[in-house]
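These protein sequence lines map, in sequence, to chains C and B. Mapping of the first sequence onto this note's numbering: residues -15 to 75, in sequence order. Mapping of the second sequence onto this note's numbering: residues 292 to 499, in sequence order.
Since the hints were made in silico from the structure, they are not lab data. Since we're looking at a predicted model, the values are computed, not measured. Treat the hints with care, as some may be off.
[Said to hold, decoys possible] Cut-off 30 Å, straight-line C-alpha distance, at most; resulting in silico cross-link-like pairs (DSS-like, lysine-lysine):
| id | chain 1 | residue 1 | chain 2 | residue 2 |
| --- | --- | --- | --- | --- |
| 1 | B | Lys324 | C | Lys4 |
| 2 | C | Lys4 | B | Lys446 |
| 3 | C | Lys39 | C | Lys26 |
| 4 | C | Lys52 | B | Lys499 |
| 5 | C | Lys52 | C | Lys9 |
| 6 | B | Lys327 | C | Lys25 |
| 7 | C | Lys49 | B | Lys331 |
| 8 | B | Lys472 | C | Lys62 |
| 9 | B | Lys472 | C | Lys4 |
| 10 | B | Lys327 | C | Lys53 |
| 11 | B | Lys332 | C | Lys39 |
| 12 | C | Lys5 | B | Lys332 |
| 13 | B | Lys499 | C | Lys62 |
| 14 | B | Lys331 | C | Lys4 |
| 15 | B | Lys332 | C | Lys26 |
| 16 | B | Lys472 | B | Lys324 |
| 17 | C | Lys53 | C | Lys9 |
| 18 | C | Lys62 | B | Lys366 |
| 19 | B | Lys366 | C | Lys53 |
| 20 | C | Lys53 | B | Lys499 |
| 21 | C | Lys49 | B | Lys324 |
| 22 | B | Lys472 | C | Lys25 |
| 23 | C | Lys62 | B | Lys446 |
| 24 | B | Lys443 | C | Lys26 |
| 25 | B | Lys499 | C | Lys49 |
| 26 | C | Lys53 | C | Lys39 |
| 27 | C | Lys53 | C | Lys5 |
| 28 | C | Lys43 | C | Lys26 |
| 29 | C | Lys26 | C | Lys53 |
| 30 | C | Lys5 | C | Lys63 |
| 31 | B | Lys324 | C | Lys52 |
| 32 | C | Lys26 | B | Lys331 |
| 33 | B | Lys327 | C | Lys49 |
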Amino acid sequence: MNLRRSRAHIFVDILRLINKKGMAKPTHILYGANLSHIRLKKYLDHLQTMGFVEKTNEKNQVYFKMTKKGYEFLREFKKVEELSEAFGIEI
Amino acid sequence: MSILIPTRFYGFDSIMYLASAIIGFLISYYAFKLFKITSKKHHFYLYIGFTVLSIGFLTLALTTGYVYLGYFTYKQFTAFDTVSYVDDFGYWIYYLSSFTAYVLFVLMYLAEDLGVPILIPPWYKGFPYFHITSFFLLSYVVFRNATNYAIKRNKNSFLVTLGFALIAGYHFLLFFTSFSKIMYVLAHLSLLAGFISLLAMLVRVTRK
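With the rest of the complex left out, here is chain C (with noise of 0.2 Å):
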């Protein structure tokens, strides 16, 4: 069994800590997303990059909120990741 997480999987545990929360703070999705600095900047900007998620401030502090896109592909891969379950593969 492969213990790391795949691509994929980093972008999709980034969007359901989104989509938890509504609006997340950078600081708040790196603890959750277990990720380090470096790399949680290249994914938010892959994610955004995609329209899966926008950047806003409020209240001088920024925050990134999903799209409608975001919703859609968080749907799509819940679909897809319990027929790669249904078959004993791994996503």
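Once you've looked at the hints, dock chain B against the given chain C.
What follows is chain B alone, placed relative to chain C:
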């Protein structure tokens, strides 16, 4: 090796092949989505496996359907050329595609364990060997899925295990079609039930 088919069953097998192909294409569509997200080798094998298997069943549905149409219209089987019948051509495409698909299903699990795919010797030659080979290849897939079900204990993994077991049952029963006509009918019912089981899993997964 001859195949005994009950006359009353003519055409029903084509419909069963078509239903299996449609269900197979649906699974391959979702497996493709899975592969698009993860880019993992075993998800690619799942996607290509079901696509190739469905192409085989679709070819078989069309060619046997064409032959049955000729039979019902002119009371004679439609010749593809002077040597073989149209459905013989369909069967060979189906043998090749099914064998490829089952090897891919086995590799899907082996690739996960060993990191490298193993080579399977091409000892498949002709009709009876095809069904024995397919049965043994699918036995491994069923075993892996049964293990997955024993660990996870969820309905979806049970439906996949049952689906592959019934498809393996189809190959097992087809091996006895020389001895009894009913075996042909039972084999095809087993095939259809197998794909319906896979469809039930897909419906459960996608309706959420």
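Tested hints:
For the hint linking Lys324/B to Lys4/C, the alpha-carbon distance of about 24 Å falls within 30 Å, and the restraint holds. Between Lys4/C and Lys446/B the alpha-carbon distance is near 27 Å, which keeps this suggested pair within the 30 Å criterion. Taking the CA atoms of Lys39/C and Lys26/C, the gap is near 14 Å; set against the 30 Å cutoff, the hint holds. For the proposed pair Lys52/C and Lys499/B, the alpha carbon gap of about 17 Å is at most 30 Å, so the pair holds.
Between Lys52/C and Lys9/C the alpha-carbon distance is near 19 Å, which keeps this suggested pair within the 30 Å criterion. Restraint check for Lys327/B and Lys25/C: satisfied, since their Cα atoms lie roughly 23 Å apart, inside the 30 Å limit. At roughly 28 Å between alpha-carbon atoms, Lys49/C and Lys331/B fall within 30 Å of each other, so this suggested pair holds. Restraint check for Lys472/B and Lys62/C: not satisfied, since their Cα atoms lie roughly 45 Å apart, outside the 30 Å limit.
Only pairs whose Cα atoms come within 30 Å are accepted, and Lys472/B paired with Lys4/C is rejected, the gap being roughly 59 Å. Pair hint Lys327/B plus Lys53/C holds up; C-alpha atoms about 16 Å apart against a cutoff of 30 Å. Our distance criterion of 30 Å between C-alpha atoms is broken by Lys332/B and Lys39/C, whose separation comes to about 34 Å. The straight-line distance between the Cα atoms of Lys5/C and Lys332/B is roughly 34 Å, outside the 30 Å bound, and the hint therefore fails.
With a CA separation close to 9 Å, the supplied pair Lys499/B and Lys62/C stays within the 30 Å bound. For the proposed pair Lys331/B and Lys4/C, the alpha carbon gap of about 27 Å is at most 30 Å, so the pair holds. Distance restraint check for Lys332/B and Lys26/C: the Cα-Cα separation of roughly 24 Å lies within the 30 Å cut-off, and the hinted pair is therefore satisfied. For a cut-off of 30 Å, the pair hint linking Lys472/B to Lys324/B is broken: about 41 Å separates their Cα positions.
As the CA atoms of Lys53/C and Lys9/C are separated by approximately 20 Å, the hinted pair is consistent with the 30 Å bound. A C-alpha spacing of about 52 Å is found between Lys62/C and Lys366/B, which places the hinted pair above 30 Å, so the restraint is violated. For the proposed pair Lys366/B and Lys53/C, the alpha carbon gap of about 58 Å is over 30 Å, so the pair is violated. Of the supplied pair hints, the one linking Lys53/C and Lys499/B holds, its CA atoms being roughly 17 Å apart against a limit of 30 Å.
A C-alpha spacing of about 25 Å is found between Lys49/C and Lys324/B, which places the hinted pair at or below 30 Å, so the restraint holds. Using a Cα cut-off of 30 Å, the hinted pair Lys472/B and Lys25/C is violated, with the two alpha carbons roughly 66 Å apart. The hinted pair formed by Lys62/C and Lys446/B meets the criterion: a straight-line CA distance of about 16 Å does not exceed 30 Å. Note on Lys443/B and Lys26/C: the hinted pairing is violated, with a Cα-Cα distance of about 34 Å set against a maximum of 30 Å.
A C-alpha spacing of about 23 Å is found between Lys499/B and Lys49/C, which places the hinted pair at or below 30 Å, so the restraint holds. Distance hint between Lys53/C and Lys39/C is fulfilled; the C-alpha atoms sit about 14 Å from each other, no more than 30 Å. Taken as a hint, the Lys53/C and Lys5/C pair is honoured in the structure, with Cα atoms around 17 Å apart against an allowance of 30 Å. Of the supplied pair hints, the one linking Lys43/C and Lys26/C holds, its CA atoms being roughly 25 Å apart against a limit of 30 Å.
Between Lys26/C and Lys53/C, the direct Cα distance comes to roughly 19 Å. Compliance with the 30 Å bound is thereby established for this hinted pair. For the proposed pair Lys5/C and Lys63/C, the alpha carbon gap of about 22 Å is at most 30 Å, so the pair holds. Distance restraint check for Lys324/B and Lys52/C: the Cα-Cα separation of roughly 19 Å lies within the 30 Å cut-off, and the hinted pair is therefore satisfied. Taking the CA atoms of Lys26/C and Lys331/B, the gap is about 21 Å. The hint holds against a cut of 30 Å.
At roughly 24 Å between alpha-carbon atoms, Lys327/B and Lys49/C fall within 30 Å of each other, so this suggested pair holds.
The structure fails hints 8, 9, 11, 12, 16, 18, 19, 22, 24 (numbered hints given earlier, in ascending order).
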